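Counting from 1 along the sequence shown, just add 252 to a position and that's the residue number in this note's numbering.
Be a bit skeptical, because a hint or two may be false.
[Claimed, not checked] Under the rule of at most 25 Å between Cα atoms (straight-line distance), these lysine to any residue pairs were calculated in the SDA-like manner:
no.	residue 1	residue 2
1	K391	Y594
2	K729	V639
3	K676	E651
4	K515	D397
5	K685	Y635
6	K391	R620
7	K637	K676
[Said to hold, decoys possible] Per label pair, the in silico range of CB-to-CB distance:
no.	residue 1	residue 2	range
8	V645	K729	16 to 22 Å
9	I618	D552	29 to 35 Å
10	A462	E527	27 to 33 Å
11	V645	F354	34 to 40 Å
I should point out that these hints are in silico values taken from the structure, not numbers from a laboratory. This one's a predicted model, so the numbers in the text were calculated from it and none came from an experiment. From the three backbone atoms N, C-alpha and C, an ideal C-beta is built for every residue, glycine too.
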Amino acid sequence: MPPKVEKEHLNVVDIASSDDDGDAQTVARKKASSLGERQLRRNISSPEIPQSSGPITPPALPSDETLDSRSFWKAGNYVIGPTSKPALLEGALEHARVHPKFLHSNATSHKWAFGAIAELMDNAVDEIQHGATFIKVDKIDIKMDNSPGPALLFLDDGGGMDPVLLRKCMSLGYSSKKSNTTIGQYGNGFKTSTMRLGADVIVFSRSTRAGKATQSVGLLSYTFLRRTGQDDVIVPMIDFDISGHWAEPIIYSTHDDWSSNLKTILEWSPFSLKEDLLLQFDDIGPHGTKIIIYNLWLNDEGIYELAFDDDDEDIRLRDEALREATTKVLKKTVELQSHISYRLRYSLRAYASMLYLRKFNNFQIILRGKPVQQFNIADELQYPKVVTYKPQVAAGSKECSVETTIGFIKETPTNVSGFNVYHKNRLIRPFWKVKSDGSVIGNGVVGVLEADFIEPAHDKQDFERSSLFVRLENRLKQMVHEYWKGHCYLMGYQPPGFAAKQKKLLANQHNNSSNLPAGGKQDSRDEQPGLDVPDVVMPEGDLASISVDQLCEENIQLFMR
Numbered sequence: 253m254p255p256k257v258e259k260e261h262l263n264v265v266d267i268a269s270s271d272d273d274g275d276a277q278t279v280a281r282k283k284a285s286s287l288g289e290r291q292l293r294r295n296i297s298s299p300e301i302p303q304s305s306g307p308i309t310p311p312a313l314p315s316d317e318t319l320d321s322r323s324f325w326k327a328g329n330y331v332i333g334p335t336s337k338p339a340l341l342e343g344a345l346e347h348a349r350v351h352p353k354f355l356h357s358n359a360t361s362h363k364w365a366f367g368a369i370a371e372l373m374d375n376a377v378d379e380i381q382h383g384a385t386f387i388k389v390d391k392i393d394i395k396m397d398n399s400p401g402p403a404l405l406f407l408d409d410g411g412g413m414d415p416v417l418l419r420k421c422m423s424l425g426y427s428s429k430k431s432n433t434t435i436g437q438y439g440n441g442f443k444t445s446t447m448r449l450g451a452d453v454i455v456f457s458r459s460t461r462a463g464k465a466t467q468s469v470g471l472l473s474y475t476f477l478r479r480t481g482q483d484d485v486i487v488p489m490i491d492f493d494i495s496g497h498w499a500e501p502i503i504y505s506t507h508d509d510w511s512s513n514l515k516t517i518l519e520w521s522p523f524s525l526k527e528d529l530l531l532q533f534d535d536i537g538p539h540g541t542k543i544i545i546y547n548l549w550l551n552d553e554g555i556y557e558l559a560f561d562d563d564d565e566d567i568r569l570r571d572e573a574l575r576e577a578t579t580k581v582l583k584k585t586v587e588l589q590s591h592i593s594y595r596l597r598y599s600l601r602a603y604a605s606m607l608y609l610r611k612f613n614n615f616q617i618i619l620r621g622k623p624v625q626q627f628n629i630a631d632e633l634q635y636p637k638v639v640t641y642k643p644q645v646a647a648g649s650k651e652c653s654v655e656t657t658i659g660f661i662k663e664t665p666t667n668v669s670g671f672n673v674y675h676k677n678r679l680i681r682p683f684w685k686v687k688s689d690g691s692v693i694g695n696g697v698v699g700v701l702e703a704d705f706i707e708p709a710h711d712k713q714d715f716e717r718s719s720l721f722v723r724l725e726n727r728l729k730q731m732v733h734e735y736w737k738g739h740c741y742l743m744g745y746q747p748p749g750f751a752a753k754q755k756k757l758l759a760n761q762h763n764n765s766s767n768l769p770a771g772g773k774q775d776s777r778d779e780q781p782g783l784d785v786p787d788v789v790m791p792e793g794d795l796a797s798i799s800v801d802q803l804c805e806e807n808i809q810l811f812m813r
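Work the whole structure out from these sequences, hints included.
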């Protein structure tokens with residue numbers, strides 16, 4: 253049976269920016285077949301075969317690569333050769349070109365590798381509305397340049413992407429997520445997150461739209477673009493119609509164009525045979541998306557940035573884990589490092605357990621074969637209190653109220669404190685310390701809130717510094733002081749001004765006793781001089797509603813009796 257022929261030419265995509273909901277032609281710009289052939293059929297020499305490397309020793313690099321080219325923060329430092337501007341076809345319009353270096357500079361918005369992994373998890377969570385029940389994150393072994401190496405796997409069973417949606421995913425700045433519940437909104441997360449974790453990513457997706465079942469493959473390869481000297485971002489893609497009994501190629505212009513895209517994917521992906529490429533759809537099922545990120549970035553020592561061997565059920569940040577191991581071991585240090593507020597810095601399992609505020613009913617994050625147990629630290633607080641905050645939003649905006657749960661954290665070092673601030677169920681700032689360093693006020697006080705009224709930054713690791721954010725920060729500082737003033741005595745701390753009030757009342761008591769008449773009988777309360785007043789008196793019952801002055805006076809009177 254001859255392959256199906258479509259009118260649109262979508263095989264090769266020039267990545268262009270789009271912020272609107274226009275049709276696929278405005279997002280995935282059509283490339284003329286002659287131009288596509290000229291750019292994809294360049295003479296590409298095969299790299300030399302490097303020596304295989306162990307799991308921890310620095311991996312061998314191809315002869316035309318250096319450590320700098322495999323280290324993320326230096327990967328953009330390569331020399332751009334002379335480029336020639338291709339001639340426009342008759343009737344074609346000039347468009348802005350996106351140099352491959354932009355893929356790297358764009359990804360530097362992620363300072364933290366776990367933030368990039370969280371972006372890909374968010375995409376799967378957003379697919380819950382389309383029936384997704386899991387996101388699997390794992391390490392797989394692949395062979396590139398005849399050398400084995402680790403790769404990151406992300407697999408979900410969401411609605412998947414048809415050919416048009418996949419091209420929108422590969423474009424810059426396009427987002428169709430307009431719901432109040434979806435996390436993604438900027439249309440940039442896939443590109444920044446994948447390029448932050450590795451130099452190359454291949455995407456497999458299956459979907460059914462309007463009764464038509466399709467499967468698509470797309471390759472975004474920084475290695476391909478850099479080694480072949482491209483001066484424009486080109487993303488080879490192929491599509492199949494699987495509505496029948498076998499997969500039929502969907503041809504948008506000519507069969508030669510489709511074959512050129514397939515050839516490029518096979519040459520620059522871990523799958524050198526078409527059969528191996530198509531086998532990757534077997535574990536997707538009827539719908540879903542599979543992402544494989546390979547040529548993972550190295551750290552400054554030439555070792556993989558992500559550590560897979562320290563824990564078979566976890567993925568760790570190697571530099572943070574090494575810093576933990578070399579820290580001078582003290583009792584307080586060990587206690588702090590064992591707490592989740594510290595472990596989430598280097599343990600993906602710890603970070604993923606707190607990543608979403610509300611527990612999922614029918615969705616799991618499966619990390620290296622084991623489900624992640626969700627954890628809400630608000631369930632672990634002592635003497636919790638719910639405080640309602642009504643932010644002053646802009647005129648015309650819908651009024652809202654934010655409930656903050658605040659309390660003392662259980663059985664942890666006192667220097668663990670701060671607020672876990674979520675946005676649309678997603679953790680943005682973990683253990684945000686708003687109190688002054690060096691002050692005892694607020695030690696051990698932790699709060700949890702969901703702040704949907706302020707916008708997160710593009711990497712979703714902080715908030716935009718707006719006036720709303722500043723007012724929230726001031727309110728949280730006030731909240732800590734108010735909670736501390738009314739509850740600190742329950743943990744054995746003195747309330748603010750407690751010692752000064754004690755001294756003043758004791759001085760008044762001493763003056764009264766010294767004014768007794770000669771031969772007068774002294775009150776029995778003064779028969780035991782020299783006793784030290786304890787730092788904190790623990791009254792029975794809940795005395796949160798009693799003022800500090802009343803507490804001071806009653807404690808001193810009880811002691812004197």
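Hint check results:
1. For the suggested pair K391 and Y594, the alpha carbons sit about 24 Å apart, so the restraint of at most 25 Å is met.
2. The straight-line distance between the Cα atoms of K729 and V639 is roughly 13 Å, inside the 25 Å bound, and the hint therefore holds.
3. A threshold of 25 Å between alpha carbons decides the hint, and for K676 with E651 the separation of about 16 Å falls inside it, so the pair holds.
4. Our distance criterion of 25 Å between C-alpha atoms is met by K515 and D397, whose separation comes to about 16 Å.
5. Proximity of K685 to Y635 is assessed by CA-CA distance (about 20 Å); at most 25 Å being required, the pair is judged to hold.
6. With a C-alpha separation of about 7 Å, the suggested pair K391 and R620 falls inside the 25 Å cut-off, and the hint holds.
7. Of the supplied pair hints, the one linking K637 and K676 holds, its CA atoms being roughly 22 Å apart against a limit of 25 Å.
8. Between V645 and K729 the beta carbon distance is about 20 Å. The supplied range of 16 to 22 Å therefore holds.
9. Checked against the hint of 29 to 35 Å, the pair I618 and D552 passes, with Cβ atoms roughly 32 Å apart.
10. With their beta carbons about 29 Å apart, A462 and E527 fall inside the hinted range of 27 to 33 Å.
11. Separated by about 35 Å at the C-beta atoms, V645 and F354 satisfy the suggested range of 34 to 40 Å.
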